[in-house]
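Chains A and B, in that order, give the protein sequences. Note that the first sequence ends on residue 324 in the UniProt record's numbering; no numbers are left out. Note that the second sequence ends on residue 324 in the UniProt record's numbering; no numbers are left out.
Simulated from the structure, these hints should not be mistaken for laboratory data. Since the structure is predicted, the reported quantities are computational estimates derived from the model, not experimental observations. Mixed in with the good hints, there may be bad ones.
No copy labels: a pair is met if it fits in one copy or bridges any two.
[Stated by the list, open to error] Keeping only pairs whose Cα atoms sit at most 35 Å apart, straight-line, the calculated DSBU-like set for lysine-lysine is:
| no. | residue 1 | residue 2 |
| --- | --- | --- |
| 1 | Lys211 | Lys110 |
| 2 | Lys250 | Lys164 |
| 3 | Lys299 | Lys89 |
| 4 | Lys164 | Lys304 |
2 protein chains.
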Amino acid sequence: MRNPHSNGEATGENGFGDGVILGLDGGATSTVCVCVPYFSFGDRFPDPLPILGRAVAGCTNRNSVGETAARDSLEQVVSEALAQSGSDKSDVRGVCLGVSGVNHPSDQEKIENWIRDMFPSHVKVYVQNDAIVALASGTMGKLHGCVLIAGTGCIAYGFGEDGKEARASGGGPILGDWGSGYGISAQALTAVIRAHDGRGPETLLTSTILKALGLSSPDELIGWTYADPSWARIAALVPHVVSCAEAGDKISDKILVDAADDLALSVKAVVQRLGLCGEDGTASFPVVMVGGVLNANRKWDTGKEVSNRIIRYFPGAQTIIPKV
Amino acid sequence: MRNPHSNGEATGENGFGDGVILGLDGGATSTVCVCVPYFSFGDRFPDPLPILGRAVAGCTNRNSVGETAARDSLEQVVSEALAQSGSDKSDVRGVCLGVSGVNHPSDQEKIENWIRDMFPSHVKVYVQNDAIVALASGTMGKLHGCVLIAGTGCIAYGFGEDGKEARASGGGPILGDWGSGYGISAQALTAVIRAHDGRGPETLLTSTILKALGLSSPDELIGWTYADPSWARIAALVPHVVSCAEAGDKISDKILVDAADDLALSVKAVVQRLGLCGEDGTASFPVVMVGGVLNANRKWDTGKEVSNRIIRYFPGAQTIIPKV
Chain A
1 MRNPHSNGEA TGENGFGDGV ILGLDGGATS TVCVCVPYFS FGDRFPDPLP ILGRAVAGCT
61 NRNSVGETAA RDSLEQVVSE ALAQSGSDKS DVRGVCLGVS GVNHPSDQEK IENWIRDMFP
121 SHVKVYVQND AIVALASGTM GKLHGCVLIA GTGCIAYGFG EDGKEARASG GGPILGDWGS
181 GYGISAQALT AVIRAHDGRG PETLLTSTIL KALGLSSPDE LIGWTYADPS WARIAALVPH
241 VVSCAEAGDK ISDKILVDAA DDLALSVKAV VQRLGLCGED GTASFPVVMV GGVLNANRKW
301 DTGKEVSNRI IRYFPGAQTI IPKV
Chain B
1 MRNPHSNGEA TGENGFGDGV ILGLDGGATS TVCVCVPYFS FGDRFPDPLP ILGRAVAGCT
61 NRNSVGETAA RDSLEQVVSE ALAQSGSDKS DVRGVCLGVS GVNHPSDQEK IENWIRDMFP
121 SHVKVYVQND AIVALASGTM GKLHGCVLIA GTGCIAYGFG EDGKEARASG GGPILGDWGS
181 GYGISAQALT AVIRAHDGRG PETLLTSTIL KALGLSSPDE LIGWTYADPS WARIAALVPH
241 VVSCAEAGDK ISDKILVDAA DDLALSVKAV VQRLGLCGED GTASFPVVMV GGVLNANRKW
301 DTGKEVSNRI IRYFPGAQTI IPKV
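Full structure from sequences and hints, please.
Structure below.
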């Protein structure tokens, strides 16, 4: 096979005759696929790396949108990125896929198999949970420490010096990810329903959420909630919960405090299982925290709240919220 | 039109020439349709009423199984019951539908419209929430008092002497029906995940639920949970939670205590809004309690726990658990 990159040249239809690599990043809301030229190990990489094609599709987490929709999104985004780059499937040398959500081996395997079905058998496929990608990006590539992701879903992931790994949360909305964007929003919706039917106290969330969704009564929230089962749609209500908390609403405040407790507890569980904090509990280790829930707001800063709790547990923890 | 029943005679292909009535009962797990002969008002009803056809299909709650599946189940069960009775759609004079689940007017309307689409416009359609059917059956037809249903879902419904109505709970799993069978089971699954990843204490639920589902690790629960989104499948784990509580498991006990609190709170909210307990809070009124969650078990009797709480709130409450 030709390898024009070994002498720094580019040839072929797309200008990179030695084939392409696809990078896929699958989040709960969307999936991004970029197509970059293939370089042999040892080649000098151009900086910046030329992006030959880029496409965006819907969610590829099968636990959220179902197997068929997840697979369709994957097929679509790959085809579009390839078409943009002027390549086709036969040009693909490898696929690197970062996936969000549930990290059970059988999930990874499923996605890996979908990709393998799409390409000839010689194409190399790498699947990695996005938590791992986030940790590596926050620690300059070193896989040691803990990463907490709190977006639509949430997960805490840890890596010990000895190569051991541990995870906490990440079970999705039915299995108690209360610190996730989905969890926060579901509790806010529940608080509105409870205030409406007399089981709970009044809350500013009622008028705020109804207005945001263009609904006239809390009864209509039920139809709204079940009309579309995608998790990201519900999680998108988080900013309203934050704004209510900032306006002094006690119910919203409690939901966010509970979420911060839950997220910090997930980190604590991972750190303890891996012994990242050392025998006396004071060893230094990084905790990279990413995701929309952890973003700073005007007054309520969930990232800071979680960080404070983690440092209370482990004085040696170095919490890092990467600037995006 | 012929009306052979006015003289007690039956004619026509199915032996009841004046047409048929369909009775539909839609629960979270299944939908039953019976086909009975039509009798004019004033006719003497034969006792027992002859059942011309009976069919069972899947769930018709669109919030649980989605709109297409719910509608398909409805079509299927109607066709089968009619076929069994030797009738066809043109024989149908009226349809009485008792539906479970979310009771917002738009839900009722949707189902009513489905049925109307199935039949010619002269066919009378009555849609009623199953809570109302349950109260009437527990109070010998009188619509006064409160009904609590706790099966796969849960809902409390109340009717005042003045014709006023109120509801609490019934918002489904995302909107905090924690006293429902689904709510109880989801918390049990969450407890297993939390014990597994180090966020929560060990519980007997782990070995019990894994064994019941034929799984080898709590990690596999994630895939199991999201493989099939129907609520009834998750709610079916309730007996395992009860057996663990009966065996002394503290986590299971707490889940069931919380569920009993939540169910009693739903009744309390309805009673207070309607003033069923009178001004001094001691007036007598019936509370009919139905559904699988409230069934007595060996030691743990959720129905009795809920009943005790209701009577603690309202000494005049007459709790009734109809024998099925």
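Evaluation of the provided hints:
1. Lys211 x Lys110: between (40 Å within a copy, 24 Å between copies)
2. Lys250 x Lys164: between (41 Å within a copy, 32 Å between copies)
3. Lys299 x Lys89: Neither, since 49 Å and 63 Å both go past 35 Å.
4. Lys164 x Lys304: Result: close within a single copy only, 28 Å intra versus 49 Å inter.
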